[in-house]
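Engineer: Residue numbers (the numbering used here), protein chains in the order written: chain B, 1 to 417; chain F, 418 to 577.
Note that these hints are calculated values from the structure, not bench results.
One or more of the hints may lead you astray.
[Said to hold, decoys possible] Just some of the chain B residues that point at chain F, by a computed CB distance under 8 Å:
{"id": "1", "residue": "Ala80"}
{"id": "2", "residue": "Gly241"}
{"id": "3", "residue": "Phe336"}
{"id": "4", "residue": "Ile338"}
{"id": "5", "residue": "Val350"}
{"id": "6", "residue": "Asp416"}
Since the structure is predicted, the reported quantities are computational estimates derived from the model, not experimental observations.
Virtual Cβ for every residue (Gly too), placed ideally from N, Cα, C.
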Amino acid sequence: MSPVAAPEMVNPGINDVIEDAKRHAKDPASDQTMVLNMGPQHPSTHGVLRLVLEIDGETVVSMAPDIGYLHTGIEKTAEAKFYQQVVPLTDRIDYLSPMCNNLCYCLAVEKLLALEIPERAQTIRVLLNELTRIQSHLVWLGTHAMDIGALTVFLYCFREREELLRLFEAVAGQRMMTSYFRIGGLSMEPPAGWFDRVQKFLNIMPSKIAEYEGLLSGNPIWYSRLKGVGYLSPEDAVRLGVTGPPLRASGVDWDLRRDMPYTGYEKYTFKVPISHDGDVWARYTIRLEEMYESVKIAQQALDRMPEGRITADAPKIILPDREEMKTQMESLIHHFKIVTEGFGVPAGEVFQTVESPRGVMGYYVVSDGTNKPLRVHMRNPSYATLQALETMCKGKLLGDVVAVIGSIDIVLGEIDR
Amino acid sequence: MADALMSLDTVCAALPDNAALLALRDVAVDAKWDRNELTVTVAPGDIIAATRAVQAAGYNFFEDCTAVYWYPSEPRFQVTYHIVSTTMKERVRLAVLLPGDDPAVDSITSVWPSSNFYEREVFDLFGIRFVGHPNLVRIMMPLDWKGHPLRKDYPVEGYR
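Just chain B, same shape as in the assembly (with noise of 0.2 Å):
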């Protein structure tokens, strides 16, 4: 059964899937079908992500999400903040992946400020990066695989997580909100023996993705679930705006590590990996092969890690060190400075993008000179790969839903913002 309402339309709302129903129901000739609501408490909706959908038995008619239930407005708060402090605010936009929202951010602002960043900062930046995407992808693996039925890999993939979160605390003093990096640089210098740990984790790390592949792909129910469910073409992923692994994995090569680098990222060496199956199953394979290029791009880090500083050479704008501060009288004002008033910010409009571990992230920045941004907009990749949830599942089973939500790896805490 195809929807009557509007057989060609992307994206109906929720009353155009309820007037649909209503029309089958009229229409003697087809069985009746049912509107059923998921969420937005539904455990494998990771959030509160809300579809109403329209179903034939088992098989999805039509289907809309509803959004809007975490909308916190950081939008509008970001403009009544000083630039320095719009940071915190990032970190609860995609809060798997607390690293690329400062990064995004801080690019954008040092972009209006022409800001030159130690080479130190920004190799600190790409491995902080790096080991970000690993944690977004170990949460991301074992949510999947629990919304699918095995439980197990769940606990592996967090016992991993839990070694990366604590090499975050001792960077940051968080663990989730991190807001390590700052405009112009890094907050602080890593303590002593951090770089070992981050090397003793990136030793055992590629064997630990193994061991959940060696869970996994194997497994014939896991297999069976996953393989040919929710088709997306190449020409469908890039008329809906679908980034990221779900990109690659229908076989459009875009990374913006690679193909508009930022930070550096053209100093590394790494593979994209690609797939042109754009099934649940390429989404899978292709995630778990972005970890193990993530380690890589993480080593290279560490392997070539520069002494200096941490950050730019713009007192005026980060602040001064404490021992500088309770010496020196210029410290000591611009701290204040900073503090109380902030700073200003050339006049312009940028639009910077990194590439997160759910695709294209991008932060656009509007400054009028003052101390506070006019508008800070964010294109958070996990609105725009929502769209294209109803070209997947119409037509599919209703059971399969849950298996394409898991492999679109959405965060509603950036769609909502």
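Given chain B, put chain F in place with the hints provided.
Structural biologist: Quick look at chain F alone, frame taken from chain B:
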């Protein structure tokens, strides 16, 4: 960093080979080259023609649509589109300026369906109507919400 080029003529002179500028020659009213980012302003009625032109020129991926509220100056709204080319690895920003009362612009969902949610978000938070949008209802705020939160005259802590 090079100085910003702020007018259509200087930008066209500085970037004679830019595919987006060549495609938009007929509809561009203003252009800006600032911090290695190209912004082309078009008239509100020309946005569908402009997006089709850049799409034909190879800018195949719609990334983002949002708005800026230039309170209290006129034209009050700027609707911004970010479009990237995955082959040329270049980005172009299209901008449309709209008046403060009853702002409306054509929807580009017919060109890129991915703009659907973005235009709904701008409608919800700024109150800009997108003519021809298939499903223009609020997306973030509750359906019965009054006001548009991202306008500058909307208080940060809400109405009391």
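Engineer: Now tell me if each hint is right for this structure.
Structural biologist: Hints versus structure:
For the restraint placing Ala80/B at the interface with chain F, the shortest Cβ-Cβ distance is roughly 5 Å, inside the 8 Å limit, so the hint holds. Because the beta carbon of Gly241/B sits about 3 Å from the nearest beta carbon in chain F, less than 8 Å, this interface hint is met. Interface hint status for Phe336/B: violated, as the beta-carbon distance to the closest one in chain F is roughly 25 Å, over 8 Å. Restraint check, Ile338/B versus chain F: the minimum CB separation of about 22 Å is more than 8 Å; hint violated.
Below 8 Å, beta-carbon pairs count as interface contacts, and Val350/B has one with chain F at about 6 Å; its hint therefore holds. For Asp416/B, the suggested interface contact is upheld, since its CB lies about 6 Å from the closest CB of chain F, less than 8 Å.
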